[in-house]
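There are 2 protein chains.
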Amino acid sequence: MGQPRTVFFLSDGTGITAETLGNTLLTQFDGVEFKKTTLPFINTPEKARATVDLINQLASRQETRPLVFSTTVSDEIRGILRGCKVLFMDLFDGYIHTIEDELQQKSTHAAGRAHGVADASRYNARIAAMNYAMEHDDGQSTRDLSKADLILIAPSRCGKTPTSLYLALQHGLFATNFPLTEDDLEQLRLPKSLEGLAGKCFGMTSDPERLSQIRTERRPGSRYASLAQCAYELRQAEQLYRRYNIPFISSAAMSIEEMATMVMQEKNLRRQTF
Amino acid sequence: MGQPRTVFFLSDGTGITAETLGNTLLTQFDGVEFKKTTLPFINTPEKARATVDLINQLASRQETRPLVFSTTVSDEIRGILRGCKVLFMDLFDGYIHTIEDELQQKSTHAAGRAHGVADASRYNARIAAMNYAMEHDDGQSTRDLSKADLILIAPSRCGKTPTSLYLALQHGLFATNFPLTEDDLEQLRLPKSLEGLAGKCFGMTSDPERLSQIRTERRPGSRYASLAQCAYELRQAEQLYRRYNIPFISSAAMSIEEMATMVMQEKNLRRQTF
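Just so you know, the sequences run in chain order G and X.
All residue numbers for the first sequence refer to the numbering used here, where the first residue is 119 and numbers rise by one.
All residue numbers for the second sequence refer to the numbering used here, where the first residue is 119 and numbers rise by one.
Each statement offered as a hint is correct.
Below 25 Å or equal to it, Euclidean Cα-Cα: the simulated DMTMM-like pairs (lysine to aspartate or glutamate) are: (1) G/K224 to X/E181; (2) G/K154 to X/D211; (3) X/K153 to G/E218; (4) X/K310 to X/E300; (5) G/K203 to X/D211; (6) G/K153 to X/E220; (7) G/K310 to G/D255; (8) X/K154 to X/E181; (9) X/K203 to G/E218; (10) G/K153 to G/E181; (11) G/K153 to X/D267; (12) X/K224 to G/D148; (13) G/K154 to X/E218; (14) X/K154 to G/D211.
To spell it out: a stretch of chain G is covered by chain X in this simulated footprint if at least three of its residues, at any positions, have a beta carbon under 8 Å from a beta carbon of chain X; those stretches are: (15) 179 to 191; (16) 248 to 262.
Per label pair, the in silico range of CB-to-CB distance: (17) X/R179 to G/Q383: 15 to 25 Å; (18) X/N363 to G/L345: 49 to 59 Å; (19) X/E194 to G/R183: 30 to 40 Å; (20) G/T260 to X/A243: 25 to 35 Å; (21) X/D325 to G/R388: 25 to 35 Å; (22) G/E218 to X/G212: 10 to 20 Å; (23) G/N174 to X/Q305: 43 to 53 Å.
Don't read these hints as lab results, they were simulated from the structure.
No experiment lies behind these values; they were computed from the predicted model shown.
Glycine included, every Cβ here is placed at the ideal spot set by N, Cα and C.
Could you put together the complete structure from these sequences and hints?
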């Protein structure tokens, strides 16, 4: 294997859009090593020229040409960036014109719209969702539970916290989570504070081995982390979900993004993405 | 204004990539109302055919044709989806072939790579970052602060928590945050637990009016929420940052994404994006 292939994500905003599509495309090429750099906020001709110089200097020292994924809305800046001696992939240009033709309307060419605070009330609602998720994490607060869009329930360490925070932060949902205690699991009963809220609940489970491994990192050698205890809790949790007709998923082989997507789909929650 | 324009995001995975580029493109068209639906996990020919039926039925009842942003890796599924009677924008097709030619390697056509758990150790490190951020939120824990990639500091309600959680969740950073108390602000001193850690610190500030408004929602009529108190705390905080040579940004008109991007750029933190 030679030098890693250099990749740049260029943007007049945060660079998140360029990274998201660019990285997705690169995941399709196994065994190639990429060295990635994001250059955000290229929003003046001066910065664009400095970027071209930087990239061309670097490119001149490499055997292979860099890949560049670029999302900029200004024609002037885009024109300058095209001076990079690289494989230049403009992720905007083609589509913007296609959509302009379809909508019979010119695009605004305003930078930083996608990941800025363009819509203040939408942004504030997202922050409110985030605060709600934080305050209600792990059953810390039972106040305003009826406001929740969603309540994730599971035994300890099945991934409730990251998933509900992700749902709040990326999808603006009032997502919260509640632990199932040994008592709940033994009696196959929802926690008292969730009575009447089964319709908002979504269960999580895992593999006993995986759960035991995660719990062992936290409390090595404990009953809590033992394979037998993990297997018991997961078995009881699934029975509890079935009893209340609560849908559930396993976090053992799924990412936060995949779980969040499945939860929103199953519960028919209005999906926005920030 | 007529009917809103229907938009679909289609994917064999979570749909996040299609939404991210699609939404970014749509932000360029002011005044057009869009009705958006994400259809994820279209990973079999049957699901693809059902999707085409659904979209075509809907399209036949509308005056304007829907816009479709699609990211699927299978040629078969893509072929079926192209049967939609819409403006079909494939966000993969063109670029994948361009990159294949450049790298002289065929793409793998494996679905769900971008937002799945393809790389388990990378994914686990991200979850560890998330847990770290949660445990250390708002100065709750001073254990292992030296492990932090970054410590956000600010007076109460300047946006520390959402920003550090975002940095952990989306960029996999060990990001934490610490409040500046009235004592710290009066004496222009870093909190004791942060002694020797100024190099990891990044300050946040806000506008007095905005801060007062946010604090009022929490404790209406309090000294804490008064404009005078907010102005005082922000003035002192900026002085403190300058004294320790700590870079800082204002959360008043910036989104979490923009602040995270600026922080990573300023502190030269290795940027990954999930």
